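S.K.: Line by line, the protein sequences give chains W and S.
Taking the numbering used here, the leading residue of the first sequence gets 8, the next gets one more, and so forth.
Taking the numbering used here, the leading residue of the second sequence gets -5, the next gets one more, and so forth.
Hints are computed from structural coordinates only; laboratory data are not their basis.
Careful, some of the hints might be misleading.
As the list claims (entries may be wrong) - In silico DSBU-like pairs for lysine-lysine, Cα to Cα no more than 30 Å straight-line:
#1 K46/W with K326/W
#2 K46/W with K58/W
#3 K175/S with K34/S
#4 K298/W with K58/W
#5 K58/W with K95/S
#6 K326/W with K175/S
What the hints assert, rightly or not - Sample of chain W residues at the chain S side, in silico, Cβ under 8 Å:
#7 G117
#8 W151
#9 G174
#10 A179
#11 P204
#12 I205
#13 K206
Computed from a predicted structure; not experimentally measured.
All residues carry an ideal CB built from backbone N, CA and C; glycine is no exception.
Listed here are the chains, written in short residue letters.
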Amino acid sequence: MSVAHDMPAPRVPEGQEEPTVELLLELFEDMAVIRATEKAAYDLFMSGLVKGTTHLASGQEAVAVGASAALRPDDYVFATYRGHHHAMARGATPEACLAELMSRATGLCGGKGGSMHLTSAQNNMLGSYAIVGSHLPIACGAAWSAKLRGSDQVAVAFFGDGATNIGAFHEALNLAAVWRLPVLFICENNLYMEYTPIKSVTAVAQPAADRAPAYDLPAELVDGNDVVAVLRTVSRAAARARTGGGPTVIEALTYRQYGHSRADPASYRPKEEVEAWLARDPLILLAERLKARGVGEEAVSEARGRAQELVAKAVEAAKAAPPADPSTAFTDVWADGGAQWRT
Amino acid sequence: MADVITYREAVATSIAREMRRDPTVVCLGEDIGAAEGVFKTTTGLFAEFGPERVWDTPISEQAIVGAAMGAAMTGLRPVAEIMFSDFLACCWDYVANEIPKMRYMTGGQVTVPLVIRTANGGGLGFGAQHSQAVENWGLAVPGLKIVAPSTPDDVVGLMASAIRSDDPVLMFEHKKLLASKGEAPGEDHLVPLGAATVRRRGDDVTLVALAATVPTALEAAERLAGDGVSAEVIDLRCLVPMDARTVLESVARTSRLVIVEENPYQGGWGATLASIVAEEGFYDLDAPVTRVAGECVPLPFAANLEAAVVPSVDRLADTVRRTVNG
């Protein structure tokens, strides 16, 4: 097998314990960009410029940004229909994401994917999947491919707590364990599968971590709102996967700040619970960490300002972009670029 | 004398040839390795290519096809086996929702060059969950190429094209044909996807068949010749791309069309072909287009019951006589 890929370094050398202040500020700005983009997506949806549906990840930014910082740029990432944060964490621009949501020709997928299918193949962000749990076996396949090619790449599947009760999750964990694949299963447990508390429909307390032992896989529970905790946990697991140690199940405890989708007000969630999690907003936690590290408020608000400015420009650019070209409805069914199915 | 091989040997032969020429071709499936496949269609692969390229899987159809998809998206050309085509229902999400939509949904960013091979159809008395002809299932989903060879020669040539294709391909290997024999094709034998072939020339009626209904159609044509009816037999070979042009050209000469398909009449592939001929070949027709298809019941177990519901030479020949004689 050929080894076709260069091996660029991850942003944090694996195993390094405390990130530099400069990196923390970068992570803060990355999370602020996602937060501002999700806010823009919500506003654009409410104003009618985004059709269909959206599943926003505000509140879950630290999982995507922390994990991404622990990965190499050539590692594979697979996400769910709540996946804007993963696309952006791997390098998709807010403008390309928002343009996709707005059905523009300049969108990440040319308007053919939409909010639920953001994909940035040039960043090895290989899709957002809207059938719950389906991408876990697919991530196994990418890990298998990396193993056969000897590329030392890792594949990561991010998924919600709801995915832990579907068959594909269990088939994937077993196959990954048996084949000792370099794959990380990262559950974003935001406590609700759509509108229903995950605890009320799951036999175990921790829907992902408590299942891992059944497949003889290591599991880690991590504070998904603490970007540094996520970074460290994923770094350890990625290093283990790269050196032949096999898969890890990571369950990141987090919370979505919007409802499940569209305009869902999420009134099924207790007020006290919402308030407690909003107080543990990942951006607030990181700002506090920066303060403790001696970084002034000015640097943090400058980062936030840059993020908001970037996203404001992205919104304007996406609004100004042309709609999807009607002829593209008939392109790219097949690898030859066409859609012909008969003579 | 030319070498003769069986249909089942042709499967393993063609995969081995592709694995030799392209190191990115890998196989995965249940019992395909050391056990060499429950139908012995992967004989010799494990011995020649080893566990690095021929992977035994658990009974996990979603993991098999899902992993094949992920591998195909990242530089490999997987050949995944689903033991019986009925089991495609266990991984239908991947076959219907994931694999065929990936390239389109991503605006052309990702291709999925894989083959899903599966043993299809009745005739071996396996009952309702191991005997269905389900080649029409994939036809309901844009984005899949669908291949169903009828001869060992075509197994080799179509499998090579399927594995080299950058598109996802469903390859239906018919269980009833596994022991059938034919001339061993030469090295680098390729049959392009989407090119039907005329198996028998005729002037009075066109019979269009696929996989195991090809020998049924040929036998019926031979019998009809004794009655003075000259039947042309077209082996469609692929459902997607569907070579409607070859059928339309034949019908323009014969003016009659009988389609013989093993999948059920309800939703069978013949309905799609019939509608094309109705729209584009109507003025060439001297008789209604007729379909001889699987009956619309689950496949029964007992041999005499099974024989009553899959297309037979008798039923086809009777139908052709009615079509020709009006």
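S.K.: Please go over all the hints and tell whether each is borne out by the structure.
M.R.: Status of each hint after checking the structure:
Among the hinted pairs, K46/W with K326/W is consistent with the structure: their alpha-carbon atoms are about 16 Å apart, no more than 30 Å. In summary, the hint linking K46/W to K58/W is supported, as the alpha carbons are separated by about 16 Å, within the 30 Å threshold. About 15 Å separates the Cα atoms of K175/S and K34/S, which keeps this hinted pair within 30 Å; it holds. Restraint check for K298/W and K58/W: the C-alpha separation of about 40 Å exceeds 30 Å, so the hint is violated.
For the proposed pair K58/W and K95/S, the alpha carbon gap of about 20 Å is at most 30 Å, so the pair holds. This hinted pair does not check out: K326/W and K175/S have alpha carbons roughly 63 Å apart, beyond 30 Å. The interface hint given for G117/W is met, as the beta carbon of that residue sits about 4 Å from the closest beta carbon of chain S, less than 8 Å. Against a cut-off of 8 Å between C-beta atoms, the interface hint on W151/W holds, since the closest Cβ of chain S lies about 5 Å away.
For the restraint placing G174/W at the interface with chain S, the shortest Cβ-Cβ distance is roughly 6 Å, inside the 8 Å limit, so the hint holds. Hint on A179/W holds. Least Cβ distance to chain S is approximately 6 Å, under the 8 Å limit. Nearest Cβ of chain S to the Cβ of P204/W: about 26 Å, over the 8 Å cut. The hint is violated. Checking I205/W against chain S: minimum C-beta separation of about 21 Å lies over 8 Å; hint violated.
Evaluation of the K206/W hint against chain S yields a violated restraint, the C-beta minimum of about 26 Å exceeding 8 Å.
Hints 4, 6, 11, 12 and 13 from the earlier list are contradicted by this structure; the remaining hints agree with it.
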